[in-house]
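Given only the sequences and the hints, what does the whole structure look like? Please build it.
There are 2 protein chains.
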Amino acid sequence: MVKETHIKPEIRVLGIDDSPLVSDKIMIVGAIMRGGEWLEGVLRTDITRDGFDATVRLSEMICGSKHYGQIRAVMLNGITFGGFNIVDLRELYERTRLPVIVIMREMPDMEKIKEALKNLSDPEGRYEMITRAGNIIKVQTIKRGKPIFIQAYGIEAQDAANIVQATSIHSRIPEPIRVAHIIATGVILGESKKRA
Amino acid sequence: MVKETHIKPEIRVLGIDDSPLVSDKIMIVGAIMRGGEWLEGVLRTDITRDGFDATVRLSEMICGSKHYGQIRAVMLNGITFGGFNIVDLRELYERTRLPVIVIMREMPDMEKIKEALKNLSDPEGRYEMITRAGNIIKVQTIKRGKPIFIQAYGIEAQDAANIVQATSIHSRIPEPIRVAHIIATGVILGESKKRA
Chain A
428 MVKETHIKPE IRVLGIDDSP LVSDKIMIVG AIMRGGEWLE GVLRTDITRD GFDATVRLSE
488 MICGSKHYGQ IRAVMLNGIT FGGFNIVDLR ELYERTRLPV IVIMREMPDM EKIKEALKNL
548 SDPEGRYEMI TRAGNIIKVQ TIKRGKPIFI QAYGIEAQDA ANIVQATSIH SRIPEPIRVA
608 HIIATGVILG ESKKRA
Chain B
428 MVKETHIKPE IRVLGIDDSP LVSDKIMIVG AIMRGGEWLE GVLRTDITRD GFDATVRLSE
488 MICGSKHYGQ IRAVMLNGIT FGGFNIVDLR ELYERTRLPV IVIMREMPDM EKIKEALKNL
548 SDPEGRYEMI TRAGNIIKVQ TIKRGKPIFI QAYGIEAQDA ANIVQATSIH SRIPEPIRVA
608 HIIATGVILG ESKKRA
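So the protein lines, in turn, are chains A and B. For reference, each letter of the first sequence is one residue, going 428 to 623 in my numbering. For reference, each letter of the second sequence is one residue, going 428 to 623 in my numbering.
Everything labelled a hint here was simulated from the structure, so no lab data went into it. Wrong hints could be hidden among the right ones.
Put simply, identical chains are the same to the list, so a pair is met inside one copy or across any two.
[To be verified] With a straight-line Cα cutoff of 25 Å, these simulated DMTMM-like cross-link-like pairs (lysine to aspartate or glutamate) come out: (1) K570 <-> E467; (2) K435 <-> D586; (3) K452 <-> D477; (4) K565 <-> E487; (5) K573 <-> E467.
The structure presented is a predicted model; accordingly, all values stated were derived computationally and were not measured.
In structure tokens, the structure reads:
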């Protein structure tokens with residue numbers, strides 16, 4: 428199902444990123460931001476490295492939040508978390524009833540991904556999950572500089588691109604993703620790394 | 428030593444808060460914010476519940492950060508972290524050479540604090556550490572509503588008040604403290620609690 432989204436300047440977006448791979452239990456951080464500017468809440472859950480529980484854990488984290496009713500869209504920093512624990516966009520949308528937007532700094536190299544999956548259980552199943560995430564759209568978030576790439580589920584591509592552009596205030600990466608990344612790496616490593 | 432501080436709109440301030448007391452090792456989070464608006468980095472360290480290592484751990488966290496050279500002031504959410512692990516403002520200033528500003532939502536009740544310290548080792552030493560933190564100043568951060576209270580070391584009281592007012596954008600609490608609090612509670616409890 429595809430819904431239209433009206434974008435208010437103060438739209439609440441949840442950005443989700445994982446933390447560095449320091450153990451088999453990987454911390455996931457969610458940053459709830461209002462209009463891409465104001466951090467309203469932080470969520471946390473854990474997933475299994477290279478496991479299959481990302482979609483369920485993320486759904487529980489989102490639906491269990493007191494902010495759930497205010498969140499208008501979920502942004503993911505890529506479609507895989509904690510190594511190759513892949514998020515099923517359709518299932519995440521069906522469980523949360525929220526539009527899902529995947530943010531990528533580069534076009535994914537599908538051949539490289541296929542190769543990496545060979546070292547894991549069920550490589551075909553995982554590859555299929557990745558491919559069914561849908562079309563990849565290029566979005567120019569800042570006037571000059573490199574574009575980013577997105578995938579969207581439960582929302583029109585143009586609406587997703589609008590939300591991404593409206594929340595990319597300090598860099599070409601939308602604030603909810605930039606902030607979730609800074610928190611997830613800072614808390615685990617003691618200091619945040621720059622690249623979202 | 429007292430220094431004058433010129434307050435630029437994009438001043439970098441590090442806000443520090445502790446996380447809920449769920450074990451004997453308490454996570455401390457630092458949020459580096461530019462102009463009270465833009466989260467630039469997250470720092471993390473651990474201290475002992477009711478211990479005596481807060482000042483040293485905080486100093487190491489601050490001086491070891493790649494952002495150290497840019498930070499112009501340190502804000503603490505109260506003077507005690509992880510129960511009654513007290514920060515020695517003078518020692519923190521001497522180790523970091525950065526102005527220290529303590530943020531309090533209410534005037535501290537010294538009699539109540541004295542009473543609580545009785546259950547801990549070295550109650551007199553701890554009480555002395557708290558009292559030598561200096562004068563408490565009332566600061567009106569928002570036009571209407573309750574004021575907050577601050578203590579400052581290594582900076583003129585008026586300059587400290589100016590920094591506190593300049594960074595209190597979304598509530599009566601300065602953003603670096605509000606954000607450090609949201610991160611510290613969200614990461615430990617799975618969801619952030621509202622009160623900074």
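Verification of the hints:
no. : hint          : in the structure
1   : K570 <-> E467 : between (28 Å within a copy, 22 Å between copies)
2   : K435 <-> D586 : within (12 Å within a copy, 37 Å between copies)
3   : K452 <-> D477 : within (10 Å within a copy, 29 Å between copies)
4   : K565 <-> E487 : neither (30 Å within a copy, 43 Å between copies)
5   : K573 <-> E467 : between (29 Å within a copy, 21 Å between copies)
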